[in-house]
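Chemist: So you can see what is in the structure, the chains are spelled out below.
There are 4 protein chains.
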Amino acid sequence: MEYNKIKDFISNNDQFAKANGIKLLEVAEGYAKTSMEINDKHLNAANVVHGGAIFTLADFAFAAASNSHNALALAINVSISFLNAAKSGTLYATAREVGRNKKLASYRVDITDEAGIVVAIFQGMVYIKKSSILK
Amino acid sequence: MEYNKIKDFISNNDQFAKANGIKLLEVAEGYAKTSMEINDKHLNAANVVHGGAIFTLADFAFAAASNSHNALALAINVSISFLNAAKSGTLYATAREVGRNKKLASYRVDITDEAGIVVAIFQGMVYIKKSSILK
Amino acid sequence: MEYNKIKDFISNNDQFAKANGIKLLEVAEGYAKTSMEINDKHLNAANVVHGGAIFTLADFAFAAASNSHNALALAINVSISFLNAAKSGTLYATAREVGRNKKLASYRVDITDEAGIVVAIFQGMVYIKKSSILK
Amino acid sequence: MEYNKIKDFISNNDQFAKANGIKLLEVAEGYAKTSMEINDKHLNAANVVHGGAIFTLADFAFAAASNSHNALALAINVSISFLNAAKSGTLYATAREVGRNKKLASYRVDITDEAGIVVAIFQGMVYIKKSSILK
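So the sequences go chain by chain: R, G, W and D. Residue 156 in this note's numbering sits at position 51 of the first sequence, with consecutive numbering throughout. Residue 194 in this note's numbering sits at position 89 of the second sequence, with consecutive numbering throughout. Residue 201 in this note's numbering sits at position 96 of the third sequence, with consecutive numbering throughout. Residue 158 in this note's numbering sits at position 53 of the fourth sequence, with consecutive numbering throughout.
Keep in mind that the hints were calculated from the coordinates and are not lab data. Please note that the accuracy of each hint is not assured.
Each pair may be met inside one copy or between any two copies, as identical chains are not told apart.
[Claimed, not checked] Straight-line alpha carbon distances no greater than 30 Å define the calculated BS3-like cross-link-like pairs of lysine-lysine that follow:
id, residue 1, residue 2
1, 240, 146
2, 192, 207
3, 110, 192
4, 207, 234
5, 146, 235
6, 128, 146
7, 240, 192
8, 234, 146
Okay, chain R solo, but in the shape it has when bound (with noise of 0.2 Å):
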């Protein structure tokens, strides 16, 4: 598979990952990793990281690894919990395949900040469509 020519193409198409300083580093084989440099735009009312901020970061590493196997692949559900708040710094989501059949594929997301330290985790499922990411 051609791992980068998906990763290039998510990271190049995605406008809401990409208006949100959301950045794709790697995809692999049902795993993807994303980070997002913490900035004002990403504060909540209470001053720390957005859930929608967090959430945006982890989704994006689903998405992308659910995709890398370059078959279409929509989010059906994800739960989210939040464990710590992130106020400064950069935060990292890691998403790994725990299992995949021809119409439903499930991950895992972990959410960490800098130290390592759990910031949030993340369940997610797709479905997977019959059209494919590259031509």
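With chain R held as given, fit chains G, W and D onto it using these hints.
Modeler: Positioned in the frame of chain R, the structure of chains G, W and D alone reads:
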């Protein structure tokens, strides 16, 4: 309770919602409604609205509803199911309190498009701190 | 649709619900209601109703509602939040369809006690197979 | 910590697990493992192991792991994804602590069959009370 003051405080101080064009329309007791007019910046690589954008829209309503009592509430857990992809128009999220005790409270959020089609459903829990939102 | 036939089929063939005293009270289109009269066998080591018993009560309503269309539906994802502990009396679970397309459908389930207090809330998704329930 | 005393206390007092043939095999710090030998009583109307039985197996490991510190911990939130149906043999659930602070702690649980195939994955959070398990 001064719901309009809480609405203004959250609207003015949530940088991530602001940066992504998400508006807080209403706050009442255990209730809030938000909106997002879809533009290109909300799309993912599959050219539909990013799960992170839909989550953020819902999470912002959840945050406003759970903080409507003027006690600082932090999200600890959320599950979201994506039912229909969205591409254009305006999306709305409506959060309603299902239960609340001293330390924990639960909310359900509906995310719909302009035609009332359910785009996603969301279920979340907050942990309630001793500090208040307004001074 | 012959909802009573589906109700009878599920009632008669769900061994786990039967073994745990859980009854299927009603089935209609995208809807079902179940009940469980609490006894000592439903308790956990903290002497309150086991999360597994509450889940099973809700899951049984979810299964009946999602199979009410007479197409085999299998649970793929569930999130449950526990709001109040239960110790005695009868618990009820009411499942309602929120969305349904050819392959996936989503449900919300409320679990309440006799006084109408919300014990737990549940959100679930099924994958729809081509086989039918009734022959 | 006296993990064997906690294991014995939970094993002896969880009526619902006992009634359904679920055994607590191991308890260590933030860790527990349970097993369930499948029989007809665990099946649903589709003739595969009931989601409620799989949930209960996992929830029992989650309860033991989260109570392993000898502080009463109550489940507040769980998400479970079902990856593969199970019909016979023995299922195992392994719970591991991901994070813990004074009031909240998070766990991941893997449910596998005898061949190590992942049947389900589970993510749960507890609220920690001031009382202890052992006297």
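Chemist: Hints first: check each against the structure and report whether it holds.
Modeler: To see whether the hints hold, each was checked on the structure:
Proximity of residue 240 and residue 146 under a CA criterion of 30 Å is satisfied inter-copy only: 24 Å between copies versus 35 Å inside one chain copy. For a Cα distance limit of 30 Å, the shortest separation of residue 192 from residue 207 across copies, 20 Å, qualifies, whereas the shortest one inside one copy, 40 Å, does not. Within a single copy, residue 110 and residue 192 get their C-alpha atoms only as close as 33 Å, which misses the 30 Å cut-off; across copies the closest is 25 Å, which meets it. Proximity of residue 207 and residue 234 under a CA criterion of 30 Å is satisfied in both settings, with 9 Å inside one chain copy and 13 Å between copies.
For the homomeric pair residue 146 and residue 235, the shortest alpha-carbon distance between copies (26 Å) is at most 30 Å, but the shortest distance inside one copy (37 Å) is not. For a Cα distance limit of 30 Å, the shortest separation of residue 128 from residue 146 qualifies both inside one copy, at 16 Å, and across copies, at 15 Å. Taking the closest pair of Cα atoms, residue 240 and residue 192 come within 30 Å of each other only across two copies (22 Å); inside a single copy the shortest separation is 40 Å, beyond that limit. In this assembly of identical chains, residue 234 and residue 146 lie within 30 Å of each other by CA distance solely across copies; the values are 24 Å between and 34 Å within a copy.
Hint compliance for this structure: no hint is broken.
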